Amino acid sequence: MRFNNWKYPEITDGQPTTYQWIVKHTDTFSLGFKTDIGAFTYINAQYGVIIEDYVQIGSHCSIYSISTIDNKRGEVRLKKGSRIGTHSVIMPGVTVGEGSIIGAFSFVNSDIPPGVVAYGTPARVVRPLASDEEYQKHYQESL
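Just remember that my numbering sits 25 ahead of the position in the sequence shown, which is counted from 1.
Calculated from the structure, these hints are not laboratory results. Please read these numbers as outputs of a predicted model, since none were measured by experiment. Please note that the accuracy of each hint is not assured.
Ranges between beta-carbon positions, derived for each pair [to be verified]:
#1 P153 to D95: 28 to 34 angstroms
#2 G39 to R98: 16 to 22 angstroms
#3 P147 to E100: 29 to 35 angstroms
#4 I94 to D157: 35 to 41 angstroms
All C-beta atoms in this analysis are idealised placements derived from N, C-alpha and C, irrespective of residue type, glycine included.
Input sequences plus hints: build the corresponding full structure.
Have a look at this one:
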């Protein structure tokens with residue numbers, strides 16, 4: 026129901042969208058179908074950020090394909106149905122697996138496999154998803 030009127034937002038490099046999130050380097054940014062990105066999220070896609078279908082990202086998150094602290098760079102991929110909790114940070118070269126959930130205030134600096142719950146600083150896999158948490162059920166109910 027919440028996605029009944031969903032349409033791709035207009036994204037201008039470095040400018041807030043209607044929903045108050047920002048992407049730098051829009052030419053290397055890909056946004057999937059029926060995504061939900063919270064206000065005040067910042068995405069630096071200089072080396073590629075791919076957000077697949079049905080991904081949810083909480084408010085105040087930061088997603089970096091480049092780190093100016095350690096010069097790490099690499100594509101970030103948030104796989105179909107993954108969910109990122111508010112105030113989380115995703116570092117360069119990270120893939121969050123299909124359907125996985127990242128808890129709020131997490132620092133994700135390594136790949137997260139599909140179908141798990143992970144959180145912490147740094148984020149670590151805590152457990153597999155329970156059947157009622159699986160993304161298929163989650164996004165189908167949101168339609």
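Status of each hint after checking the structure:
no.	hint	result
1	P153 to D95: 28 to 34 angstroms	holds (31 angstroms)
2	G39 to R98: 16 to 22 angstroms	holds (19 angstroms)
3	P147 to E100: 29 to 35 angstroms	violated (19 angstroms)
4	I94 to D157: 35 to 41 angstroms	holds (39 angstroms)
Consistency with the previously given hints fails for number 3 only.
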